[in-house]
Each structure stands twice: as structure tokens, then as C-alpha cells.
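Single-letter residue listing:
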Amino acid sequence: MRIRIISVLLSAVAVAAPASAQAPRPPVRRDDPAISLRPFFLATGQSFSAHKTFETVFGKSVQPFWGGGLNVAFRNGFYVDVTASRFKKTGQRAFFFDGQGYGLGIPLTVTVTPLEVTAGQRVQIASSVFLYTGFGVGSYRYQETSQSDDEPFEKRHVGYLVAAGAEFRVSRWVGVSGDAQYTYVSGIIGTGGVSKEAGENKLGGIAGRFRVIVGR
Amino acid sequence: MLRLRFFTAFSVAVLAIVALFTAQGRGQTTAPSRRLLSEFAPPAIQRGISPDLSHAPGTPETRRRQSIQAVSGVRDRIGASGTRYRPGRVIVKFRDGVSAPTRVSALSVVPGRATISPRAATQDFDVVEIDQAADPEAVARAFRGRPDVEYAQAAYRVHAEFVPNDHFYSTQWNLPAINMEAAWDIQPAAGSDITVAVLDSGVAYKAAELQFHAGAFTLDSEGNVGPPGSGGTAYPALGDMSLKFVAATELAPLSRFVSPHDFIWNDDMPLDLSGHGTHVSGTIGQLTNNAANGLGDVANGGGTAGVAFNVKLMPVKVISSEWDDIFGSPNEGTDDVVALGIRWAADHGAQILNMSIGQEGPANCATNPNQDGCAPAIEAAIKYAVGKGCFVAVAGGNSFDTGNHTEVLAEIASRVPGAVSVAAVNKNKEHAPYSTTGSYIELAAPGGEFGIFGGPGGVLQQTLDFDLIETFQDSPSQFGRPHFDMLRYFYVIGTSMATPHVSGLAAMLMQQGITNPAAIEAALERFATDLGPAGRDQTFGFGLVDARATLRGLGLAK
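Protein chains in written order, with this note's numbering: chain A, 1 to 216; chain B, 1001 to 1558.
Treat the hints with care, since some could be wrong.
Computed beta-carbon distance windows for the label pairs [unchecked claim]:
| id | chain 1 | residue 1 | chain 2 | residue 2 | range |
| --- | --- | --- | --- | --- | --- |
| 1 | B | N1428 | A | K60 | 53 to 61 Å |
| 2 | B | A1366 | A | S139 | 49 to 57 Å |
| 3 | A | F41 | B | G1387 | 49 to 57 Å |
| 4 | B | D1185 | A | S47 | 53 to 61 Å |
| 5 | A | R156 | B | P1533 | 54 to 62 Å |
| 6 | A | V174 | B | E1181 | 31 to 39 Å |
| 7 | A | H157 | B | P1533 | 30 to 38 Å |
| 8 | B | R1256 | A | S139 | 49 to 57 Å |
| 9 | A | P64 | B | G1535 | 49 to 57 Å |
| 10 | A | V62 | B | E1039 | 54 to 62 Å |
Within a straight-line C-alpha distance of at most 20 Å, the following computed SDA-like cross-link-like pairs (lysine to any residue) qualify [claimed, not checked]:
| id | chain 1 | residue 1 | chain 2 | residue 2 |
| --- | --- | --- | --- | --- |
| 11 | A | K196 | B | A1237 |
| 12 | B | K1244 | B | T1471 |
| 13 | A | K52 | B | R1526 |
Hints listed in this document are in silico derivations from the structure and should not be mistaken for laboratory results.
We put the beta carbon where it would ideally sit given N, CA and C, even for glycine.
Bound-form chain B, shown alone (with noise of 0.2 Å):
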């Protein structure tokens, strides 16, 4: 009898134990909350091209997905910039030769508990840990009035460009809209030297099976998300569960995969639990003319094209989507995470980074980077990753019909010469009715439009099947455990998918040996279609991408 309440009250010892450690959420520094069960899953399940029209922007389902991005775990801010932020956080870089005392003693200038974090070994500033309730942005001012700091900021929040839309594949109409069939005669190895980056919410990559444990939520009338008993309309907890991924078969193989990286979870396995970085990838480098040979979707016949479809792919993953953020993971698509990341490609032999992601914030961050708002910490990655050699794509922003707000990562790569910032053009390469404008915009591609074209108006990739994943846009009943094992293709549209043009056909330019990541610019810019007013504009940028002409140059007089 004593033996068997001894061994009750040790089960339930260990039970409370197991249930402390899987209930903590992010930010804490113990281990994630996702474990590794096995590196293989069944193959994937084909469900071919999805009709579903529920995605655009500014729907409700849109703004449920940001929100769950924003509440989930620690809550987001919005600063006094109108920049979203996470709380209980500061990006502070040190002059050069500060010593590390004196950088403990200049933590001094925050109110209440302040610590930094151990740095990564490619992190050359630092992470403050500060309170919840601190205001960060008024944190980074008191460090940025310190002589030995270079520049303070808060962490800022980084997104995807894109809305998906899943709806029936006709064609892509893409690829065509930049010339790229006379650009695959003029390079068939389509990149085959050549690695990009895809700084994502990960890639469909490798088939694993993970166990993860999901906290419940709540959902406002206005498609707020909040913790539970924060109002509205109560998502329940899934509790533990194991979930199955696979790979995406048209990105396949496994080889293909260089240095992934996942510093959302701070491991090696940046799986995509959103689909947005596979739709990316694919448009990168969809496995293209496999129709007959065996390869990729060989149910859907070979399925989509991608423009560079040779290159080696590093997925790095640093942007959290909705179901990261249910699940608790340790880190979000933060600017320190994305400045990590960048770094991480930069030293580990990417040549191209495709950054479709973004972040709105004041207008002139170029004459004043140490504001609030403002992203140095990005800005020295960028221009880090530059001085490496890589060449950087970053997504223009979607913002233009809800009020064309700076896209504050895009600005930056403006100013990097071998950093561009890409528009998106629609199916008659008119500007996209989304696409940010400004002077900071460099260049367009196709980012695809619904409105009058319909779903065949957006871009069309293998992603994983938005559907089965977004269960949180079903109500409370039918709210249940996503499915990462399912894939699909998907139109989507936004600057997201422009962005990835550029990206692949960098690559291509750099397979022809222009390493210089300034000339590749100079050449996408060069030999770009100019649209709207002559010469350079907000809207197009120096024009349209044309692979053809960008690949095939000049001649010595024509």
C-alpha cells in the first residue's frame, strides 16, 4: 500500500515536472517546446491544385493569421513609430573596444532588471533582456545618449509579404512576364553553382515526425487574438500532439539543402509550419522540366517551374509563423533574429539571400538610422552579408492600398549597392494594386494580382496546404491539429512572391560569373523593362526584371 502512494505521488511528481517544463513559454531560457521524434514521415499526399479563394488582403483571415502572430506567447506592441515591437527586449551595439564590464555597467540606464543575453558567434551586438512592462523604445533612446553605443533599437517585428491565395493552377504567367524561356537557352544549368538563402519561415524540406504541445487562445469579433480569459471567442488547447512533415517533392532532393538553420527554435530543422518560405523557395527553384523524368510531383506532372531551378537552397528560418507562435517557440521574427540569420547565410556560403519579409517604419531612417523604428541591427547584417559577397532581394512591402506605409527593410536594401528592393507587377505588369511605392523601390517583378484576373492573377508554387494548416480560421468546434504531411499548389500574391524573381535570376547572373553583388544590381537594373514614367519611379522602380536581357548582356555595338 505505502509502496504503491509512494509510486502514485512520485508519477505524479514527475507528471507536474513534465507539465511545468512543456507549459513555459517563450523567452525563457529552457529548451523548446518541440522535440524531434523521427526524421522520417510517410510520403507526402498530392492534393493537387487548391480552389480556395479565402485568402487576400485585409480579409478577416488575414488579420486573424497577424494577430495570432501578435498575442501568442509574449504579447506584441505597437511603439511610438506605429512599428510593431516585442516587449522585454533591446538590440544594443557596442562601439568597437568596449569592454565587457563597462557594457554591464552602461545597462545602468535601464528602469528595473536588465540583462545581456550570450552572444551567438556571428552576433557582433548585443540582446538586453529587459522587463515586460519597460517601454524598449525608451530604453534603446537612454542607450543610444550613450557616446560608446553605435546604435539601440527595439526588437522590431518582421512579417511576411505576402497574402496566399489558393486557387486553381492554369499558368504561370510568371515566368513568361520576365523573359525567363530565352533565359533558360541561354543557361540551362539554371544555377547549379549557385546558393540562395531563402531567410523565411522555413522550407518544406525533409520529411520529420515532432511532437509539439499547443496552449489555448482567444479570438475578439475584430480578429484579435488574445491569451486565454482575455475575451472573445475561446480557442482551446490541442495539448500534445505529434505532427508529421514532409517534404516538398518539388524541391526535392534532400541534397539539395545546404546549412539550414532554424533560429526560431534555435536548431538545424527549419521545417515551414505556414507554407509561405516553401511558396518562396519554389519560386526560386521549383524542380522545372521533370514532367517525364521521374523527379518532383511526378502525380501532378512535374507541377510548377522555378526560375533558378538548379540552385542549392538554404533554408534559414527567421520569421515565426502562426503555429510557431501557438507552439510557444523560444524566438520570433524579431530584428535580432533576422539579423542572425542574415549573418548565418552570409558565413555559411549563400551567395543570394531572398528576404520576403518586412517591416513598416518611419520614412527616414536613411538620414536618421538611430530612431525608433528603425532596424541597424538588419541594416549592419545587410551590409555584412553585402561585404561577403552576397547579393540580397528584399520584398518592396504590400502596403500601398491600406496606406502605403516605409517599408523600413526595403529602404535599407536601397541603399546597399548590391541590395535591391523589389515592387510587384501584376499579370499585365501594371503595378500591383498592394505594392508599397516610394523612392526606395528598385525594381519589379511578378507578385500577381486576384482582383480582376482571379486566383490564375497570383503566383503559383507547390506550398504546403494552407488549408489543413490554418485550422485557426475555423471556429472553436472545428479548431483542431494542423497538417504539415499535405501538399498543394497555391496562387499567392504580394511582393513575397516578386521578390524571388530577382532572387533566382541573381543567381543565375552570378552562375554566369558576376560575382560583384553591386554589378549584379547594376546589371537587374541595367537591362529591366521600364514601366510607368521614363527612367526610375516609385512604383517600378528602374523597371520590370528581364531575364533574358539581364543574363545575355550586350554586345561589344549592339
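One chain only, chain A, in its complex shape (with noise of 0.2 Å):
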């Protein structure tokens, strides 16, 4: 049922004209193909909707995730990006009390990796300048490690995102991006450890993010 609501979406964001595309627009040069396959490098600072706890375990909330994928552009301006990243990260282990949490020192390895399937739409305003703007699906691979004998803890879910930026042609066939987009991730914390006791259960947040597209 999830899954059909979030088709219904990317369909209504893949047909639907958002309101800059309605307006006059630079006419699509002749020589633009029909559909672009557009590698991609991805850097991304996400701060955390879990910031109590990601600040417990790694000192801070906003944290690094590196990455890269493929974004599909079409002639119409409809894109779709597939990106698989990932943060990886050693903190503590630790405990919370009185609104405060407290690191003890025991190394804490985690490792997220999302793999987002994207779509939406791209107005070009200008020449060589670009706005998009995006609704996405991801698959959330949650693990934890650390300095004992127990089984790592791995979790996967689903989470959603929406995402908005702008692509700056740096050349025919090099162009950079800079979006913010929010990530929505329930299910994998919260049910336990330092963000259980802090009362937080998303996983997601807010990122801006920094792609570098080869491709035109």
C-alpha cells in the first residue's frame, strides 16, 4: 500500500508541471538527447533528526556521507536519480541521563547506508543554471558494531525524502549541484540504546548535499 502511495507521487511529480515550469523557459536546445545517464559523486552533511543522540555517540549530529549514483534526464525536464551512499563512522558507547548523555569511551562503529531512488522534475532558468526539485523512496541499511562479543546489529527499512536544489553547468559536460533534502526514517532507532533514552526514532534528517554530474 506504502509503495502504491509513493508511485501514485512520483507519477503525479513526473507529470505534473511545478509552477517555475510554467513559465516562460530558455527553449531545450536542438542538440540535447533525449535522455541523459548522468554519473554522479555525491558529499553530503546530514544533520540528524536524532541530534541528542548522534551527538551523544559522535560528539556531534551533523555528520558526512559519501557517495555516488545515476541520474537519468530527460528532454522534458522529468529526472530520476538513483544514489547509494554511506556513513561510516567510529564513536563511544554511552548512556543518557538528565537530558544529558554521557560517551564512556568504548569505540561505537556505525554504518548507515541509504540507496534512494529519486524522481521529480528540472527547470532550466538560465543557460548554464538549472532548479529541481524531487520526492524519493530509500532502502535504510542501519549497522552497529562495537568493542565486545555480541552480534552486530543490523537493520534495514524504508525511508522517504524530498529534495530541492539547483544544477550549475560548469561545462558541456561537467555540472555541480548543491541540494537540501530530508530524509524520513523510521523503524531502525528508537527502540533501543542511547536513542531509545533520548526518545528519538528517526533515523533521517536534513542534508545538504554537493553531487558532481559528468554527463550533459
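With the hints as a guide, bring both chains together as one complex.
Structure follows, in C-alpha cells:
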């Protein structure tokens, strides 16, 4: 059911032209391909929704993701991104008391691996500037290991995202983009550990993303 | 001839003066009746593990030890609150800003003699000396009636929370019971940067030779001890004696001990004359994993293990043992002495305070601390220590099977975030039959039980040989001088033995960077293994401490 809703939403995004898209815009160049396959490299700084949890374990709640993916851009402005990224960092085990986290110095390594599909609309507002917005769905794999004989904790869950940003064409074959993305991922944290003590159960957050896109 | 007579007369006069000074009782302001002869003593005699089972709660031996403490020197009395106090003394805390002349004029509430003793540097209360015959609780009530008095109380007696049993060692079940092996894996340093103050009967921490004087006393059929001529069996005076003290090999080296202080003898040499403080210190920090490294008790293969075996120890002597009393120490283990000890520890760098000591009193000191039997001086001192960043562990009491009386100090600890009261469990992690219950119990730790478990049901540590110390348990004809130069391993039970498990664990937690005493308490309670009814209860508090879970804490999501 949830997947169906997402599909409908994505279809709506694909069909509907955003307000800016209805305004006059530069004509599509005749030599633009009907479909462009554009790989990209991604660097993200994400402010986790579970900020108390991440602050306690890692010292701060803004953490980097690194990754890449493929952007499929259609001549009519529709685009689909497939993105794989990863956050991996070693912090420390901790406990929570009276609203404050206390690190215990015991190494704790967390790996978050999102695999996201985003669809949306690109609008060219200048000769080398595009605005874009999109919605997406992702599969988020969370893994936690620490210094002990315990089994690693691993969980995977679906999440949702919305993104908006701008792409700047640096050259005919290279572009860069910056956007903001909000990710909503429930069902992974919040049932145990520091996150439960802190009362935080969302793994996502607001991210600032920077991409280098190769292709027209 | 004249010269000979003069010499004889002079010698008699000198001897008389010496005798006068050595016979002076406690409470007088003259020098204590002990003298350091040498800071050297022969190596300790290691006597292995004791098979003796003569010590248990409620036995004649236990009553006799308590009686000696109660009667020797100034005789303790029982107040209207049912709590033992030392006569001739009242602890008074005037409100801030009250001038010295006003404090002196306040003495008018005292019927008869009253003088204010000089204050120690860290002392925020006054000790008012009154007539021995006066009722200190009544005097305290009179002081409390004045608006310029914050609190006033009698000098209630504080005692050790243990009952020793000297049985043969087979295994230290108590350490696996709180998951210590896994905890040492997590933190091999075992508290190396942390100082734990042991507020107790002293510690066998250094070699020395001292001279004491022991007077006569009597013992009645009930085991009550009185001054000479008070009825019962007469025990002879032992006179002057030179006694050798050894350091517990399993607590060595001497460099491990910081800022020692003796508030019973008013000096910096808190030697243990009972073995209690040494045993407690062993559970906190006995040398561990030293079977083959040439350290510690080599003769016994490294002896026993301790919880935080690398901590620094601060011996602070605040309770007097039987022999301290027999020798006429100038102070006893009363509230003012304990309060000073707590403040000393806090001011001299201790981060953890172990108080395996207790005092019974009213159940409602929380709502009415200024009443007979409560200990506001100790409460203020504990709050002072916690305010300076110290975590405090207090024994929960051993009176469950003898009336289950409220433990005043443990009750105080339960109201101070950063201080905890500790109950005891046996080898099966069940309620130890002596362990006091009440709403103020916060944590449980291994205190042991003999009963169905026999000697090995106790907590084993190296300490002074009780058999050679407690010669007052023998008949008068066999009564003789004690020996503080022999070490042995004894199983002992009590909340005194439970409390150092918590102190050691708290030291390890602090080693991991948790410096907020309230957070340490929260962690100990959060990760304790719930026993008994679900959630906090009056027998186990939040449960049995779990060293591994506490040091390890939580993951992000697990």
C-alpha cells in the first residue's frame, strides 16, 4: 500500500509541471539528447533528526555521507536519481541521564547505507542553471558494532525523502549541484540504546548535498 | 646519701608524671596515648586462609566487640531515639554569619559546663563540649530552638557494617556475580587515575612500630564490658606495649596510598586496628592478576582480586575499633569525626568515598532532620563531598534479622543524587538475611551469607588476622596483646562488604570519563540487574550492580 502511494506520488511529480516550469523558459536546445545518463559523485552533510543521540555518540549531530549514483535526465525536464551513499564512523558507547548524554569511551562503529531513488522535475532558468525538486523512496541499512563479543546490530527499513536544489553547468560535460534533502526514516532506531533513552526514533534528517555530475 | 634520696625522689616524680599522662582518658585535650617508635616493621607473616567460623551476626563474640567499643573510655549511652551516642559532646551548626561572640552566648542554653572546641579548617560546625552527665539530645534540642542554629545533634556513634568470618578460601564468587571479568576486559586500567577514600577503621597500608597503653576492663555474662570494678569478669591491664604493624601485601605498594589521615588519633597514620578497613579496601582495589609478577602476596599466589585493582587508596580513619578504644584513642567514631573525614577526603582529591559504616536512627530524618537520632552533620558533609564531585557509597545496614532498623547514613545517601545506599545479596543473588530493607535502598551488591553456604558464602579478602587481634574474645587468663603484623584471608559478610563493590565499580566508571556523581549513580542504577519484584524495591533497590553493563553503556540503537 505504502509503495503504491509512493508510486502515485512519483507519477504525479513526473506529470505535473511545477509553477516555475509553466513560466517562459529558455528553449530546449536541439542537440540535447532525449535521455541523458549522468553519473555523479556525492558528498553530504546531514543533520540527523536524532540530534541528541548522534551528539552523544559522535560528539555532533551533523555527519557526512559519501557516495554516488546515476542521474537520468529527460529532455522534458523529468529526472530520476538512483543514489547509493554511506556514513561510517566510530564514536563511543554512552548512556543518557537527565537530558544529557555521557560517553563511556567504548568504541562504537555505526554504518548507515542509504539506497535512494528520487524522481522529480528540472527547470532551466538560465543558460547553465537548472532548478530541480523531487521526491523519493529509499532503503536504509543500519549497522552497529562495538568492542565486545556481541552480535552486530543490523536493521534495514524503508524511508522517504524530498529534495530541492540547483544545478550549475560548469562545462558541456560537467555540472555541479547543491541541494537540500529531508529524509524520513523510522523503524530503525528508538527501540533500544541511546536513541531510546533520548526518545528519538528517526534516523533521517536534513542534509546539504553537493554533487559533481558528469554528462550533458 | 642525700644525693641518692634526691635521685630516688626525682625518679618517682618523673614516673608519676609519666604515669599520669599515660593514664589520661579520651576526651581530654592532652596527647594521645600512642607513640610512633619506628616506621619500619619486619615483613608480614602470611598465615594463609583462616578456617575459623566463630564470627556471625548476633554471636557473643560480635556483642563483645560492640560492647568494648561502647564501654571503654567514655561509656556510650542510648538516646531517646534509640541511637547510641557519645556523652559530653553536641554538634552544633550555626547559621552562616553568626558571630563568634553570639555562638559563645548561645552556650547559655546548656545547663552546666559548655565550651566550644577549636574548629578544624574544613569544619563548618562546632563541637560543644558539655558535662558527661548532661543529656546531649536535650541540649541539642535546646540549641535547635534558637533561630541562629541550623542544626544541632548529639554525637551519635557510627559503626562498621560487617560481621567478619574467617573461613577457608575457595573462590571469590562475588566478582563474577557482578560480571567483573567482562568489565576488566572493557577497562584493563581498572581505575588507575581514580582515588577512592576508605572512610573506615583505617587500613594496613604501611609498616610501623607504635607504643600503646592498655588499661583494665570487665566483661559481664551478657558480654557487656565495663570499666574496672563495674562487675563481671575482670580483664587485666596490659600496660605499655610496643606493637608492630605491617602493610597488607595485597594492597601494596605504599605509593598507592594518598593523603592518609586518622581522625581517631588525630594524625596522618590511619593504621587499622581491627582489619575491617583493610578488608574493605581489598574488595575495592586488591592487587589482581599478580600470581606471577612478583607483586603482592607471592606466598599465596597473588592472593585475591579486587574490583578496581589499580585505584589509588586514601585511608581515612573515622571509626574506632575495639583496640582503639582499649588504648584510649582521643576520638571515637562519632558523627563529627565522620563528617570531618568526609570533608577531608573531598578536599584532598578523593573522587569516590566508600563508607562501609552505619548508624541506626529514626525513619523520618528526610522530613525532619533536626530531631534526635538524625545525622545532619554527616548529611551536610556528604552533600559537600558530592558538590565537589565525589561519588559516595554507603552501606545499607545489617539489621534485617534483628529488627530492620533504619540506617540513617544510607537513608541520607538515598536522598543525595551522587550518593547511594547499598544492600547485600548472597551467593545465589538472593537477599542476604541480615541486609536491611527500606525505601532508601538503591543498589545491591555481594555481601555474602554463611548459612547454607558456609564460610565460602562470604566475601574473601586479605586482612589482618582477626584471631590474633581479637584476644579480648578469649578468657582473662588467655587475654593478651594483639598482633597487627600477621595477615590472613578471611571470608566476611555484611553490607560493609557489598559497598566496596559499588565504590570500585564507580571508580572504573569515573575512569571512563563520567565525573558527574549523579550520572554515576544513574548509570549504576540504570544498568543494575533487577532482582525481586519488577522495578525498584525495598530489598534490592534498582538491583544487583552489573559491572560489564555499566561500563559498556548503550549503543546507538541497541
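- prompt: Does 49 to 57 Å hold as the CB distance between A1366/B and S139/A, or does it fail?
  reply: holds, 55 Å
query: Measuring from beta carbon to beta carbon, are F41/A and G1387/B in 49 to 57 Å?
result: holds, 54 Å
- request: Please test the hint of 30 to 38 Å on the beta carbon pair from H157/A and P1533/B.
  value: holds, 36 Å
message: For K1244/B and T1471/B, compute the direct alpha-carbon distance and say whether it is at most 20 Å.
response: Distance ~16 Å between K1244/B and T1471/B Cα, so the pair holds.
task: Sort out whether A1237/B lies within 20 Å of K196/A, counting only the CA atoms.
output: Violated, at about 67 Å.
Consistency of beta-carbon spacing, K60/A to N1428/B, with hint 53 to 61 Å: Violated - the Cβ-Cβ distance for N1428/B and K60/A, about 46 Å, lies outside 53 to 61 Å.
query: Do R156/A and P1533/B keep their Cβ atoms within the hinted range of 54 to 62 Å?
result: violated, 38 Å
- request: Would you mind confirming whether the straight-line C-alpha gap from K52/A to R1526/B stays at or under 20 Å?
  value: holds, 19 Å
message: Against the range 53 to 61 Å, how does the distance between the Cβ atoms of D1185/B and S47/A compare: consistent or not?
response: This hint is violated: roughly 36 Å between Cβ atoms.
task: Using the Cβ atoms, figure out if V62/A sits within 54 to 62 Å of E1039/B.
output: holds, 60 Å
query: Between R1256/B and S139/A, is the Cβ distance one that fits in 49 to 57 Å?
result: holds, 56 Å
- prompt: Between V174/A and E1181/B, does the C-beta distance stay in 31 to 39 Å?
  reply: violated, 59 Å
Hint violations for this structure: numbers 1, 4, 5, 6, 9 and 11, all remaining hints satisfied.
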